[in-house]
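Visitor: Knowing the structure of chain A, use the given hints to seat chain U on it.
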Amino acid sequence: MDATALPGHSVPMVQDDEGQNVKRDFGAFLREYPTGEDDKPYVNEIDEMKERDETTMFVNYNHVVNFNEELANTILTHYYRYETFLRGAVRDFIISKYPQLERDDKDHPRQFYVAFHSLPIVDNIRALKTDKVGRLTCIYGTVVRTSAVHPELLFGTFRCEDCGHVIEHVAQDFRYTEPTKCRNSACNNARQFKLLIDQSQFVDFQKVRIQESADEIPSGSMPRSMDIILRHDAVEKAKAGDKVAFTGTLIVIPDVSQLSGSGGRTQMEMNGGRREGYSEQGITGLKALGVRDLTYKLAFLATTVQPQDLKFGVVNIRDEGATTESVIAEMTEQERQKILQMKEDPDLYRKMTESIAPTVFGHDEVKRGVLLMLFGGVHKTTTEGIGLRGDINVCIVGDPSTAKSHFLKYVTEFVPRSVYTSGKASSAAGLTAAVVKDTDSNEFFIEAGALMLADNGICCIDEFDKMDQKDQVAIHEAMEQQTISITKAGIQATLNARTSILAAANPINGRYDKSKPLRSNIAMTGPIMSRFDLFFVIVDECNEVTDYNIARHITSMHRLTDSAVDTVYTTEELQKYIKFARTLNPQVTPEAAKVMVREYQRLRQGDSSGLNKSSTRITVRQLESMIRLSEGLARLHCDDQVRPDYVREACRLLRKSIIHVETDDVQLGSEEQQDLQTRERAPDTEPSEPEAHTDSQAQPEDGAQPASVSYEKYRQVAFQLVHHLQSLEESEGDSFQGKTVAQLISWYLAENEEELADEAAVLREAELVRLIIRRLVATDGALLDVTSGTEEERFEVPEDDHVLMLHPNYVIE
Amino acid sequence: MDVKRPLEAIDAAFVEIVQAGAPAGSFSLPDELMQQVIDARDQIPSLHDVDRMYLPPNSLVRFRGMIQATHNPEIYLDVYATRGPQGETAVHTSRYRDMTNTKEDWEIDFDSQHNVYKSRHTLHCVPIPAENTWVRQHLAASAPQTARVAGERVRPGATKRATMDEGDDDDDDDGDGGDDDGDGRGRGMEMDAEQQQQQQFPAKKRAGDMTATTIDDDGDSHQQHGQAPGARVADEHVHNLPLPDDRTPALLKVYGDDPGVKLHEMVEVIGVYVNDPTPPSALTDEERAFAEPLPPSSVLPRIHCIHMRTIQHHNPLIPPQLAHLNHVATALPGAAVDARPPLHRALLALVGGDDLTATLLLLHLISRVHTRTADGTMTLGQFPLNLFGVTGPLADLPARLDAFLSTITTSSHLLDMSLRSLNTMSMNPKRSGSTDKLSAGFLQLPRHAHVILNETAMEAGQLNERGIANLMALKTAMDTQQVAFEFEHAGSIMFDIDVQLLVLSEGKSMLPVSTKVPIAPTADVTAPQLTDDETDAIRAYLDLAKHAEFTIAEEMQEAISSDFSTMRQEDPSITADALHRLLGIARLVSLSYGRSSLDLDGWTEAKRIDAAVTQRMHAQ
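Chains as they are written, first to last, in the UniProt record's numbering: chain A, 1 to 813; chain U, 1 to 620.
One chain only, chain A, in its complex shape (with noise of 0.2 Å):
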């Protein structure tokens, strides 16, 4: 297309001075940059062109900005109107070193483009508005179509029908355009003329339609579309489903599905010859009235296509690409201060938490893990050019109906570019991806699953634990390289799956058995489970005072009173704070490192010395996942650095995910039983660290309480009696008749005495030794009551007289 043979624009008959200027200028940019450099990038883009067969070139707008403003703001603010005098400046610098150059094969001028990017803003589909034409415009969206590609008339060549003179270089502009007159000038023809194609010039032509992405509507608006017009090097460049941005201009075009009748077009096919019957005017008989259908359309002229995440990207709180400076400057400045603000918060950590997901009452720390995974750690790539994650999953087990389902939720809702999907979803793709056949082309495309659809964003899989075998095997692989490889059907991939993972799970017999571990609690396997930085366990317990404060919360809710999710920070000053915070990329301080190392050398510890041997392994995963929350608690704090207090938090949670599972209270004797007050606190946890109890069950800090224990403690009890018991089995025999109660207790204080302070001390460590010795034979079923008699008799016999074996069919661990 020539732009010179727009009305308004005709070939210019008048010198455009404005025009030369433009010219001028933007040949010595291409010569001249950058200023003082002997390196001058646009002068070696020839010889790329030159070696690639090409005809465009590429030029950076800020390039323009650094060498010469007000050109940059002239092409900014009026590129549709100098466009052919940029593309003539383009031609000539390219000519100037490349003679050769000048006429194509068939000894036509060549046609040379000129397609800038890195444009300073991106717009959205919906903020094109008419005064977008003609201003060069970058955008962005989702291609929902494109065309096939077809050859377009660019400069026809006709011979006159009545006097055979040949009229050659007539440009074309969106339609068929035939020479007003015979250029003979003898001769009077206006309207007979046959196009030739073989002498006339066709330039690839391709229509690519592209939405408005999901996150970008208003609440309640459908998605705008846009159609792209793209030419010569632009063509084939994107394909349905992607995410792409075209820098180039608006334009307006008679809206041809509109018209009646509308005028002829430039595209032709190209045995298709001449088309007869068209006219300019549309319907004669229309024409005559006078009547004008005056309905345009937008479209877009695009000169460079570029997948959207390379570079761009809005509103996506995680946008891989944006840069500190890229988002601040996305910003007003009111958003500026609200971020500055939140920042200077000393309580920031505390009031982010509550904000999120605020129709969930209390489980904090399910709250602190999912905002950590929001802000997510730094993604490093070794020297060796291996990626590593930095992305937080986080997996949620749970008894049903506590709120699991509602953080996915609320994350989903949140992130825009993530996807809610369950374990055991339907769809063919399934969490990862399939390999489908078309029917119509039979050609195989990848059909993008839930886990590549939420690549950049976040990834909710509910039901984790009732996932396809084989997506359990796949998701292995895109947890922790954050890639799916496909080999089927010839197709071989490695798909992008930059995802972070919120799971939630079940427990296995629906309710969460506290006294098991997790492992035995979930159906996961252990290399999954090492996958995700955090395990949160949300338990459906009783509790006077936690069940009034839930009902206090839902009923505000029924209130119709915003009140009840009234929170401190706004959904959009928690994306807008997040965005910005996910552009910083901490590093550990020194001192950081020192408390990191210690920590993970305690955990290592707490996980060799036994007491936990049924939980998760420590391994440098868990150290990976210290590193990780780290450095999302430095930029939830806009730091850029990891300090040591960062550490003691990710640490915290990192305990509380790996080893409060284990440390949750074991429940002893029956409910007539709880007078016995019997408290015991895990020996090993430290004044300093916070209590060790699970999320939703906030315990009253006096007052009447279950007899309980914790589960190290029962543990350890339970597996020195057992022992004791087995040694004895091995060394008497078949003579063993077993203990009684009385005698394991005392064996055990024997055993145990240098521990026991007092008498007092002494006298609650025996009642709780028998309590664990009547779960141990009523609930665990590791001993036998041996006991001689009938049920009757046995209820005769005092407890502390019942005879006692280890269970035969007993596993010891």
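Just so you know, the hints here were simulated from the structure itself, not pulled from any lab data.
Some clues are possibly wrong.
Calculated lysine to any residue pairs in the SDA-like style (CA-CA distance at most 25 Å, straight line) [claimed, not checked]:
1) A:Lys129 - U:Arg120
2) A:Lys470 - U:Leu463
3) A:Lys343 - A:Asp640
4) U:Lys437 - A:Ile251
5) A:Lys129 - U:Ile38
6) A:Lys132 - U:Asn115
7) A:Lys351 - U:Arg372
8) U:Lys437 - A:Gly220
9) A:Lys424 - U:Ile468
10) U:Lys437 - U:Pro518
11) A:Lys237 - U:Glu488
12) U:Lys118 - A:Thr130
13) U:Lys118 - A:Gly220
14) U:Lys262 - A:Thr570
15) U:Lys118 - A:Asp227
16) U:Lys262 - A:Ala127
17) U:Lys475 - U:Arg595
18) U:Lys118 - A:Val133
19) A:Lys181 - U:Asp105
20) U:Lys607 - A:Tyr548
21) A:Lys40 - A:Gln306
22) U:Lys516 - U:Leu463
23) A:Lys466 - U:Leu463
24) A:Lys132 - U:Pro259
25) U:Lys118 - A:Ile253
26) A:Lys132 - U:Tyr255
27) A:Lys424 - U:Met494
28) A:Lys470 - U:Ile468
29) A:Lys129 - U:Gly260
30) A:Lys424 - U:Asp577
31) A:Lys129 - U:Phe110
32) U:Lys430 - A:Leu453
33) A:Lys424 - U:Leu471
34) A:Lys129 - U:Met99
35) A:Lys466 - A:Pro400
36) U:Lys4 - U:Ile38
37) U:Lys508 - U:Met494
38) A:Lys239 - A:Gln492
39) A:Lys181 - U:Gln86
40) U:Lys430 - A:Ser221
Remember, predicted model here, so these are calculated numbers, not experimental data.
Guide: Using the frame of chain A, we list chain U on its own:
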């Protein structure tokens, strides 16, 4: 202004403004002209009540409907200059019209400095889906005589045609064509069944059917042939309606700022009616594939809106002012509360004297979504209900209930959840990425519409992928009252709806309905006996109760919280969801008695009802 020629007045106003020296591009309709249009409302015919053949082009018309989809804004030449044969020039406005009409020998000057391009918003608006006949009759009766000139013509084929439309409905464009035979047989059988049903229950309403039914005191019902206005809409448009309808959809063109109407909102507009007999444009196949052209205005009329407002309800019996407010600050008027006993009585008759089910049904009928949390995770207020045990003497319940509801609710529909309908219909709306063609989804229903899902029509068999998707869509609608608009290649977007779903089934429903209860009839099923006054009172009552304000006082909140805490101590299996359910029931119970706040009685009653439901479920 002349309602038949509004453009003259608009052009005159434009000329006045330009002559006064104001920039032509800033032209907007003068307030007094706007007021004249609004005042003339009663003389302006409604597009639904007149035969479009008699409607002069470019005259003012009223239209009431639901926004089904929106298109991209349309760019048009708002102000354009023309050049006369002697080189004289003039400027014109193309506001409120599709086509411009220049004087003979005058030409549009496309390069003029005076030309102003602007954009106008285009909304695809369908007649309110599932709107019941009594609402339509009421509106038609109150419409001006002049506006009904052409409405008297009887169309003999209308009823028959409507039944066939119903059958056609399943014939989706991209449905698999392989089982035509089976389809045909199935349809034949279904139509037989339908006819039988209609014989048994002549009162049964069919969407698109012009048969109106009133149930007399003696329980007999008789049919009235209503008016059959409007030309029949082309098939492709019948497909693009959520439900078949004999009334035409319209493309609204709105000037000025983004009107900000959301999908599925109801609007009432006054605008310039465009009906242009121009044949569709000649497009190449490829262009057609790339952009499905909008149907010509003879098929899909365009209305250039002068005045537009969103309405909260379409009940002609309650004050339209209520429609302007989101939360009405008045308690239910005492007179309306009087409608509760007859309604309860009527429902009781339908379910064979089962008080619990009748009460639940009553509460269900006045439920609506009242709160959506800001973070989008929770929707409160909806009360989906599953009544099961619909068999034996109750086997006719779906049809009977549908017939009854169509006489008291503004919008209602009975959907047979058969395998075939699930496997072929489409709950979610779609937009094709390749052609931009919109396909309506069944769940695109207006605010407060009522749907009976008749699960007794289900048979054992294979659900295909579409069937599963449809079930998922129903589940989503129950959980969060949202419908997913599917965009090819670009995922789907959730839109809010507010639809009451009642599932009638033989055994427990397969859908995850929060409240399920078996019907326990104690008496014979009889037809509801209501006087006309009672029926009208009930009609008003249902919508007034939905719009009434409701509060829970601070003390009450304390009391409930303590109570819940105690309940949990007694029975740890009570979950937070149960509290949500109890509060929902308590709210509806109170509202049904016209109380605007929750008191202890309401709370106790809710607990009683909930306990009765639980008990009956356990007894199963």
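Visitor: If a hint holds in the structure, say so; if it doesn't, say that too.
Guide: Do the hints match the structure? See the list:
no., hint, in the structure
1, A:Lys129 - U:Arg120, "11 Å, holds"
2, A:Lys470 - U:Leu463, "24 Å, holds"
3, A:Lys343 - A:Asp640, "13 Å, holds"
4, U:Lys437 - A:Ile251, "24 Å, holds"
5, A:Lys129 - U:Ile38, "30 Å, violated"
6, A:Lys132 - U:Asn115, "16 Å, holds"
7, A:Lys351 - U:Arg372, "23 Å, holds"
8, U:Lys437 - A:Gly220, "19 Å, holds"
9, A:Lys424 - U:Ile468, "13 Å, holds"
10, U:Lys437 - U:Pro518, "43 Å, violated"
11, A:Lys237 - U:Glu488, "20 Å, holds"
12, U:Lys118 - A:Thr130, "7 Å, holds"
13, U:Lys118 - A:Gly220, "24 Å, holds"
14, U:Lys262 - A:Thr570, "23 Å, holds"
15, U:Lys118 - A:Asp227, "18 Å, holds"
16, U:Lys262 - A:Ala127, "19 Å, holds"
17, U:Lys475 - U:Arg595, "31 Å, violated"
18, U:Lys118 - A:Val133, "11 Å, holds"
19, A:Lys181 - U:Asp105, "22 Å, holds"
20, U:Lys607 - A:Tyr548, "17 Å, holds"
21, A:Lys40 - A:Gln306, "24 Å, holds"
22, U:Lys516 - U:Leu463, "24 Å, holds"
23, A:Lys466 - U:Leu463, "21 Å, holds"
24, A:Lys132 - U:Pro259, "21 Å, holds"
25, U:Lys118 - A:Ile253, "13 Å, holds"
26, A:Lys132 - U:Tyr255, "19 Å, holds"
27, A:Lys424 - U:Met494, "21 Å, holds"
28, A:Lys470 - U:Ile468, "22 Å, holds"
29, A:Lys129 - U:Gly260, "16 Å, holds"
30, A:Lys424 - U:Asp577, "23 Å, holds"
31, A:Lys129 - U:Phe110, "20 Å, holds"
32, U:Lys430 - A:Leu453, "19 Å, holds"
33, A:Lys424 - U:Leu471, "15 Å, holds"
34, A:Lys129 - U:Met99, "22 Å, holds"
35, A:Lys466 - A:Pro400, "14 Å, holds"
36, U:Lys4 - U:Ile38, "14 Å, holds"
37, U:Lys508 - U:Met494, "29 Å, violated"
38, A:Lys239 - A:Gln492, "19 Å, holds"
39, A:Lys181 - U:Gln86, "23 Å, holds"
40, U:Lys430 - A:Ser221, "14 Å, holds"
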